[in-house]
Structures are given as C-alpha cells and as structure tokens.
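Those protein sequence lines, which keep their order, are chains A and B.
For the record, in the first sequence the residue sitting at position 90 is 89 according to numbering that gives the first Met the number 0, with numbers rising by one throughout.
For the record, in the second sequence the residue sitting at position 257 is 256 according to numbering that gives the first Met the number 0, with numbers rising by one throughout.
Any given hint could be a false lead.
Below, in silico cross-link-like pairs of lysine-lysine (BS3-like), each with a Cα-Cα straight-line distance of 25 Å or less [claimed, not checked]: (1) B:LYS361 <-> A:LYS83; (2) B:LYS361 <-> B:LYS448; (3) B:LYS345 <-> B:LYS448; (4) B:LYS345 <-> B:LYS131; (5) B:LYS448 <-> B:LYS363; (6) B:LYS345 <-> A:LYS140.
Calculated from the structure, these hints are not laboratory results.
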Amino acid sequence: MSPPAERDLLALAAIAASGVALVSLLSAASAPAGSSGPRRAPRRIRSGRAATVKTAQELNRAAGTLAASVLADSSVEHYRGSFKNKAMYTPLAVSALTLATSIHGTADMRPFAHKARDATYLLAAATGMIGSGFHLYNVGKRVGGFSWQNVFYGAPIGAPMAILLSGLLGFCSERVREAARTRPRIFGLPAGRTIAAVAGAGLLGTTGEAGLLHFRGAYHNPFMLLPVTLPPVGAALLLSAAAGGSGRTHRFTRGWMRVLTAMGLAGVGFHAYGVSRNMGGWRNWSQNILNGPPLPAPLSFTGLALAGLAALGLMRAHPDA
Amino acid sequence: MSGDPFHATRAHDGRAPDVFHPGGWVPMRQYRESEPVDFAIVGTGAGGGTLACKLAEYGFSVVALDAGPYFRPLEDFASDESEQTKLYWTDDRIVDGANPLQLGGNNSGKAVGGSTVHFAMVSLRFRPEWFKSRTLLGYGADWPLDWREMWDYYTEVEQALKISGPVTYPWGPPRPRYPYRAHPLNGAARALAKGCEALGINWTETPLATLSAPRGLAHPCVYRGFCISGCSTNAKQSALVTWIPRAIAAGAEIRDLAMVGRVEVEPSGLVSGVHYHRDGVWRFQRARNVVVAGYAIETPRLLLNSATARFPEGLANSSGLVGKNLMAQSNQAVWGRLEHEVRSYKGPPSLAITEHWNYEDKGKDFFGGYSYMSQGPLPQLWANTLFSARGLWGESLVEAMKDYNHVVGLRIVGEMLPQESNRVSLADEVDQYGLRIPRVTYSWCDNDKRLIDHSLKFMSRALEAADADDIWIQDDDTCHLNGTARMGSDARTSVVDADCRSWDIPNLWICDGSVFPTVGGANPSLTIQAIACRTADRIRALARRGELNAAVPRQTSIRQRSTEVHRS
Ligand SMILES: Cc1cc2nc3c(=O)[nH]c(=O)nc-3n(C[C@H](O)[C@H](O)[C@H](O)COP(=O)(O)OP(=O)(O)OC[C@H]3O[C@@H](n4cnc5c(N)ncnc54)[C@H](O)[C@@H]3O)c2cc1C
Ligand code: SF4
Chain A
0 MSPPAERDLL
10 ALAAIAASGV
20 ALVSLLSAAS
30 APAGSSGPRR
40 APRRIRSGRA
50 ATVKTAQELN
60 RAAGTLAASV
70 LADSSVEHYR
80 GSFKNKAMYT
90 PLAVSALTLA
100 TSIHGTADMR
110 PFAHKARDAT
120 YLLAAATGMI
130 GSGFHLYNVG
140 KRVGGFSWQN
150 VFYGAPIGAP
160 MAILLSGLLG
170 FCSERVREAA
180 RTRPRIFGLP
190 AGRTIAAVAG
200 AGLLGTTGEA
210 GLLHFRGAYH
220 NPFMLLPVTL
230 PPVGAALLLS
240 AAAGGSGRTH
250 RFTRGWMRVL
260 TAMGLAGVGF
270 HAYGVSRNMG
280 GWRNWSQNIL
290 NGPPLPAPLS
300 FTGLALAGLA
310 ALGLMRAHPD
320 A
Chain B
0 MSGDPFHATR
10 AHDGRAPDVF
20 HPGGWVPMRQ
30 YRESEPVDFA
40 IVGTGAGGGT
50 LACKLAEYGF
60 SVVALDAGPY
70 FRPLEDFASD
80 ESEQTKLYWT
90 DDRIVDGANP
100 LQLGGNNSGK
110 AVGGSTVHFA
120 MVSLRFRPEW
130 FKSRTLLGYG
140 ADWPLDWREM
150 WDYYTEVEQA
160 LKISGPVTYP
170 WGPPRPRYPY
180 RAHPLNGAAR
190 ALAKGCEALG
200 INWTETPLAT
210 LSAPRGLAHP
220 CVYRGFCISG
230 CSTNAKQSAL
240 VTWIPRAIAA
250 GAEIRDLAMV
260 GRVEVEPSGL
270 VSGVHYHRDG
280 VWRFQRARNV
290 VVAGYAIETP
300 RLLLNSATAR
310 FPEGLANSSG
320 LVGKNLMAQS
330 NQAVWGRLEH
340 EVRSYKGPPS
350 LAITEHWNYE
360 DKGKDFFGGY
370 SYMSQGPLPQ
380 LWANTLFSAR
390 GLWGESLVEA
400 MKDYNHVVGL
410 RIVGEMLPQE
420 SNRVSLADEV
430 DQYGLRIPRV
440 TYSWCDNDKR
450 LIDHSLKFMS
460 RALEAADADD
470 IWIQDDDTCH
480 LNGTARMGSD
490 ARTSVVDADC
500 RSWDIPNLWI
510 CDGSVFPTVG
520 GANPSLTIQA
530 IACRTADRIR
540 ALARRGELNA
550 AVPRQTSIRQ
560 RSTEVHRS
C-alpha cells in the first residue's frame with residue numbers, strides 16, 4: 000500500500016474510533032449507581048422509577064450525541080463561512096452547552112428534572128428554530144432564490160434542525176425523569192410514544208438532508224444510498240410503535256435502531272474516506288475537511304436511533320407510556 | 000517527474016503513462032508497422048481520442064498518433080500561466096484576411112488529448128434546429144444527421160465524461176439529467192445571473208466537463224481556475240484522462256510525439272497508411288483505414304499535403320471544399336467593474352451561461368445564435384487583454400491591474416456563417432518537419448458583424464443591470480475552429496458523408512471539428528465527441544455488413560483484451 004493510502008486509512012480509523020469513543024463515553028457516564036455523592040439515587044427505588052431514570056439518561060445521551068454532531072459540524076461549516084455574521088457563533092456555544100448538559104444528565108441518577116438542564120434544552124430548541132430561519136433566509140436571498148443551486152450550496156436548511164431535535168429530546172428526558180412516581184407523560188401525551196414519534200420524524204428530516212446532499216454528490220458511491228433507505232424504514236417502525244397498542248415487544252424495531260446507530264458511526268468513516276478522495280487526501284486535511292463531506296453529520300442518525308431505543312425501552316417498562 | 004515529454008516519447012515498449020498515478024505506467028498493446036492495423040488515427044483530441052476508444056472497445060486494432068507530448072497532468076502541469084503555454088500548437092502558420100485569426104492558446108492544442116487538455120470544459124448540446132439550419136432557419140447548410148439520433152449520442156458522451164450540470168436545463172427538448180450536479184457559482188457567475196434576472200431572460204449553471212464529485216481515480220474540482228492552462232488535479236474530464244485510458248485498456252496503441260506528414264495512397268485509390276515523424280526519423284504505419292482528426296487547420300493541411308498525381312488537389316477534395324468554409328466562433332466580451340470583490344478567477348472560467356439568444360429567434364437582425372458566459376481570466380491573460388484590447392501600458396496598466404479582483408466579464412460564443420472564402424490553404428514555407436505550413440484566411444461577413452453587435456449591446460445592458468460600472472467592450476476575439484471538411488449528403492457539396500467517411504476514398508475518414516457544416520452558438524466539443532461515438536457505431540455496422548476495409552472485429556471482452564495487452 001502506498002504511504003498516502005496508509006495515512007488515509009489511519010485517519011479514517013482514527014475518526015471512526017473517536018466517534019465510537021464519544022458514544023461510549025456518553026454511555027459510560029450512565030453507568031449504574033454505586034457511586035457516592037450528591038447524584039446518587041434515593042435508596043428505595045421502585046422498578047418504574049429506575050426505568051424512567053434510565054430512559055432519561057439514555058435520552059440525555061441521544062441529545063448529547065446530536066449536540067456533539069452539531070458542535071463539530073457548525074464549527075467547521077461556520078469557520079468555512081468565516082463567521083461572517085456574529086450570530087454564527089451561537090450554535091457553537093449552545094451545542095457545547097447542550098453537550099455538557101447532556102453529559103451531566105447522563106451521569107445523573109436522581110429522579111428529578113433539573114432546572115438548568117431544562118433551560119439549556121429549551122435554549123437549544125429555540126436556537127434550532129431561529130437557526131433554521133436564518134438558513135432559510137440565507138438561501139432565499141441568493142440570486143436564483145430557492146433553486147437547486149442554492150439549496151445545495153447555500154446554508155444547509157436542515158442542519159439547525161439537529162440542535163432543535165437535541166433540545167427536544169433533552170426536554171423530553173427531563174419530563175421522563177421527573178415522572179418517576181407517575182406515568183411518564185409529555186404535554187399530557189404518553190412519553191414513550193411521543194419520543195418515538197419525535198425520533199421518527201427526526202429520522203425523516205435527517206434523511207431529507209442526507210438525501211439532498213447525497214444527490215448533490217450524485218450518489219457517486221453506492222453506499223451513499225444507505226442513509227436515504229435505512230432511516231425511513233426506521234422512522235416508519237418508530238411511528239408505528241408510537242401509534243400501536245401496548246404489549247408489543249418491538250424487537251425488530253430495536254434491532255433496526257441498532258443498525259441505524261451503527262450506520263451513523265460508519266457514516267463518519269465513509270465521510271472520512273470522502274475527505275481522502277479530494278486532491279491531496281488527508282495530507283491536505285486543513286482544506287479537504289472543509290471541502291469534503293461533513294465528518295460529524297452522520298452522527299445525527301446515531302443520536303436519533305439512540306433516542307428511538309430509549310423510547311422503546313420506556314414503552315417496555317411502562318406499557319402505557 | 001518522469002522525463003521531458005517533449006524530447007522523449009513516453010508511450011512505447013508496451014506501456015504508456017498512467018495519468019492517475021505520478022510516475023505510474025499502464026500496459027499498452029503495440030502493433031507492428033509492417034502489418035496493417037484496422038485504423039490509424041491522426042490526432043487524439045475530442046474527435047480522434049473518442050473514436051480510438053470506441054473502435055478499440057469494438058475490437059478493431061487501432062493506432063492513434065499525436066504530434067504532441069503525452070502529459071501526466073498530476074506532475075507536468077504547474078499553476079503558472081507562462082509555463083503552461085507548452086500546451087498550445089504554436090508551430091508556424093500564416094494568417095491573413097480582413098479579420099485574421101489570432102492562433103495559439105485560444106484555439107489549438109498539441110498533446111495526447113488534443114485541445115481538450117486545456118479547453119474550458121463547457122459541454123453544450125446543439126439546438127436541434129441547427130442540424131437543419133438551411134431548411135428550418137434559412138441560413139448555412141443542413142447536416143446529414145438527425146438531431147434525435149444525436150440526442151442519444153450526446154447522452155452517451157455526457158455519461159462518459161460525467162458532465163456536471165443543472166438539474167433541469169432551461170432550453171431545448173428534454174434531455175436526461177446530467178450525471179453530476181452543477182458546481183457552485185462564483186462571483187462572476189452570480190453577476191451573470193443577476194444581469195439575466197434583471198433583463199428577464201433565463202440563465203443556468205454551465206454544464207461542465209469537470210467533476211463536482213469524485214470519480215474513479217479522479218478528484219473533484221478544487222476551483223482554483225487553471226482550467227485553460229491545464230488542470231493538474233484530473234478533475235477536468237479531458238480526452239487524456241477519459242477516452243485515452245479506456246482506449247489503451249481496450250487494446251489501442253497511442254503514439255506520442257508522432258507528427259503525421261502524409262497519408263499514403265495506393266495505385267488502387269485507397270489509402271494504405273500514414274508517414275509519420277517520430278524519434279527523429281520518418282516512419283510508415285500500414286493501415287486498412289486512416290482517420291484524420293487533427294482539428295480544423297491541421298486536418299485540411301494534412302489532406303492537402305498528401306496530394307498525389309491521382310489526387311493533385313489533395314485527398315478527399317473532388318468537391319474542392321477541403322480547407323474551405325472554415326468557421327471560427329465569435330468570442331467578444333464586455334467587461335466592467337463591481338464595487339464588491341468578484342475574484343472571477345476562482346473556479347472554472349464559465350460557471351454560468353445563458354443560451355437565450357440561441358433559442359430565441361425574435362428580436363434578431365441576424366441569422367444564427369449566441370450564448371454568453373461569465374468569465375474568469377487569470378492575471379497574465381487579463382494583463383494581456385488590457386494591453387491588446389484596451390491599449391493600456393505602463394502606469395495605466397498597473398493601475399488597472401489593481402482592480403483585478405473587481406472585474407466582471409461576459410463573453411459570447413457566437414455563430415459565424417460558413418463562407419468558402421474563409422479557408423485553410425498551403426503556404427510555400429515549410430515547418431520543422433519540412434511540411435508546407437497552413438495559411439489561414441479569415442474575414443467576417445455582415446451577418447457575423449450584426450451578431451457581434453447585437454451581443455455586445457445586450458451584454459453591456461446585462462452588466463449595467465448587474466450594477467457594473469466602467470463598462471467597455473473587447474470586440475475582436477474568436478475561438479473554436481470548425482468546418483474545412485464539412486459533412487453532407489451530396490459528394491459535390493461536402494467532403495465526408497454522415498458517417499465521416501470521405502466521398503472520394505472509402506477507407507479515408509475525417510472525425511473532428513472539421514466536419515461541421517455550421518457551428519451554432521454553442522461550444523463544439525460535446526458535438527465532436529457525439530459524432531465520434533456515432534461514427535464508431537456506424538463503422539461497426541458497416542464492418543458487420545462487409546462494407547469496410549477491415550477485419551470484422553472479434554467480440555472480445557475488455558478483460559480478455561487487457562490480458563492480450565499484457566502478453567503482447
Ligand atoms: C482554450 C480553449 C478553450 C476551449 N473551450 C472549449 C469549451 O469550453 N467547450 C468546448 O466545447 N470546446 C472548447 N474548446 C474547443 C475544443 O477544445 C475543440 O473544439 C476540440 O478539442 C476539437 O477537437 P478536435 O478533435 O477537432 O481537435 P483537437 O482536440 O485539437 O485534437 C487534435 C489533435 O490532433 C493532433 N494533430 C494535428 N495534426 C496532426 C498531425 N499531422 N499528426 C499528428 N497529430 C496531429 C494535435 O496535436 C491535437 O492533439 C476550447 C479550445 C481551446 C483551445
Ligand atoms: S478549477 Fe477545477 S477543472 Fe479548473 S483547473 Fe482547477 S481543478 Fe481543474
């Protein structure tokens with residue numbers, strides 16, 4: 000193998016490994032009780048309570064994965080846009096805060112919502128909404144308006160949705176967590192189903208974004224079809240779980256969510272390969288990371304699939320959730 | 000680096016340069032000169048390179064010769080305009096007429112891959128009506144080709160080159176989606192778009208033969224704008240990196256630094272091979288068929304230089320039309336200055352286009368059409384333009400160059416009408432090979448002038464509408480040469496038939512831009528390649544029917560053939 004090719008592979012492995020590390024870090028942080036300190040759970044813990052806290056932690060992990068993806072993605076993309084508008088720093092700050100909050104939540108065993116976490120998640124959701132507005136405005140004002148050229152190369156319309164989803168999932172996680180003594184509900188709706196529906200819709204939205212950008216890349220690599228075919232199936236399964244009756248085990252859906260989790264991680268590896276396909280490969284990383292496919296973007300699928308798993312877990316523990 | 004491609008041949012001893020790997024080689028089949036090959040092809044550009052590939056893939060034995068070097072773009076090309084003038088055909092030629100052509104970088108190439116090695120990659124289909132311009136539009140000459148058939152060959156070439164183009168093309172009949180998506184617009188292209196929107200006409204991203212996504216071993220475009228000086232990333236889908244590697248893999252032999260001086264004719268009246276100059280000596284390659292694909296000047300020159308007692312006016316010239324009806328395309332520009340930075344040199348030079356005046360017949364006082372595109376001149380070219388077209392020198396040139404990053408320009412590719420008086424003939428002087436050099440005579444007709452006038456006025460309005468100031472026009476520039484061996488359906492009024500086969504000598508073919516009866520207002524290379532693909536299909540069909548002076552090709556697979564390549 001030629002040295003550049005070796006270097007490419009090493010870089011690819013490194014990126015994939017860091018993705019795995021991130022997710023395992025988030026999951027390790029949710030290691031069961033036993034540790035002492037203020038975050039220890041109360042002694043007498045009922046199984047329902049354990050389940051809601053566990054689900055909440057899983058949701059924190061999902062929200063954190065999405066926030067991590069946004070942090071990395073918007074750092075690169077907005078750096079590329081030279082932070083022309085000062086508002087372009089906002090998603091970096093907010094997603095960093097959301098990531099920290101999620102790590103905090105993932106480690107927290109207490110069955111109470113946390114005001115600061117709640118506030119951060121709401122801020123994240125608001126940032127996502129406003130960001131989408133900004134991106135839409137950016138695309139629309141370019142010559143040609145809402146044309147293919149501008150949706151390909153203007154601000155990515157779907158990108159801010161990831162931080163919105165992160166905020167939503169985080170907000171849901173707090174509602175689930177505080178529902179330890181009652182049935183977990185979100186805005187009066189059964190929590191498990193609501194979260195499944197949110198994750199399902201999020202998967203569809205993210206598929207749209209991947210579809211658009213992979214269309215821009217002309218699906219030149221057949222693997223580019225995976226993120227536009229597997230996630231919609233996952234979304235359909237989640238939505239059907241949300242709409243279906245209680246007592247179902249959702250084994251297949253859970254399996255599919257694991258596939259999507261892995262697909263998101265593998266996507267980072269594929270994007271790293273994509274970076275290497277540009278002139279100069281990874282030797283010219285400082286330019287090609289900006290030119291190539293966005294490395295962290297596929298993690299959104301992982302984040303949403305983790306949320307789906309959490310929702311299904313909750314529905315198993317609380318059949319009426 | 001692997002040696003000087005100008006002084007030592009690179010394609011020999013059973014191997015040719017691997018254009019995708021620095022220092023790499025690919026195995027190449029070699030043919031003996033004494034045994035006739037099915038096809039000897041003179042020139043490996045848009046016409047010759049494409050045909051060599053297709054014929055080899057159909058199983059014919061092919062030797063393609065090019066006077067120019069075999070470049071390795073990844074190593075041989077520099078981001079330096081002066082260095083890259085090595086790509087042009089700058090051998091001696093004489094120009095005259097009322098509007099003598101400026102020959103050189105803008106209209107010729109001398110390399111394996113031909114002019115496509117430094118062309119601007121604009122890949123347009125002809126307007127269907129142009130193929131019958133005499134009958135339908137009242138000017139020029141009809142082509143013997145049907146546009147619907149051409150539409151299929153256009154698709155083949157677009158797929159082969161992975162053309163990056165808009166999702167839907169605003170003009171003409173429906174066409175399949177371009178295989179790759181359009182590139183992002185640069186500042187110059189946005190200015191074109193703004194002008195078109197203000198004037199209420201359509202614009203679109205230019206379909207370009209450079210990659211917007213990776214392809215095989217080729218990288219996507221890096222938008223640093225050296226396209227017409229030679230792309231060193233292989234993003235440009237020139238014949239050198241597309242058709243030629245395929246041709247070699249299918250068993251064709253490419254001979255670089257091989258200048259063909261004469262096509263040999265037997266007493267029977269058939270051609271029997273080519274005399275060519277390589278490694279300091281004249282050699283002879285026997286062939287059952289000869290294809291001349293040397294571009295609109297060198298093709299007629301070779302045919303005229305090959306005159307014999309039997310064909311004293313040159314080969315394929317019973318109509319007297321070889322060398323006549325030379326057509327350049329008008330290439331005038333309008334320049335202006337924008338307040339904000341444009342940096343038009345970023346990316347391929349012509350990222351946005353309007354073909355409005357190719358498809359709109361109302362509001363014209365001339366026959367034919369023109370498209371116009373955004374421009375991105377590199378600094379040296381721009382300084383030359385300011386000097387030659389605007390007369391700036393010294394202090395004023397330095398001052399003007401300070402505005403380089405703010406300059407915007409629109410440039411037409413305009414249809415010039417065929418005229419017999421515009422022609423390539425032989426001068427008495429000889430070149431370094433001892434061959435008589437071409438004399439190129441060119442004058443614009445009134446229609447040409449009216450078209451140019453219309454375009455300059457319209458583009459000036461478009462630049463004003465895009466908020467440019469300090470607008471000025473560059474009114475004398477041409478590009479793309481065609482004609483000189485036109486195709487037709489009548490032996491008395493054309494040189495070749497629809498299959499690019501000469502009327503006079505059944506095993507002599509011409510397959511390049513020379514065969515165009517009219518040029519249209521669109522860049523020609525896609526059409527040249529489409530015609531080459533069609534010619535290959537026709538040749539295969541003729542061979543199967545026994546109407547060809549060639550062995551009926553064996554249907555071997557590419558894999559089989561490449562093992563043969565290894566063995567031979
Ligand atoms: C700067 C520039 C920009 C251009 N931009 C565009 C564009 O954007 N879009 C477009 O469609 N077209 C463009 N063109 C035109 C396009 O490149 C040509 O129309 C096309 O390449 C012509 O194809 P051809 O096969 O006729 O000749 P070429 O591609 O020029 O090939 C002819 C080859 O024959 C060889 N040759 C000639 N005589 C002999 C001989 N006696 N023996 C051996 N070899 C010989 C030459 O060395 C040359 O390599 C551009 C051209 C130039 C120069
Ligand atoms: S802009 Fe693109 S096509 Fe032009 S030279 Fe650079 S990489 Fe090649």
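Does the structure break any of the earlier hints, and which numbers would those be?
1, 3 and 4
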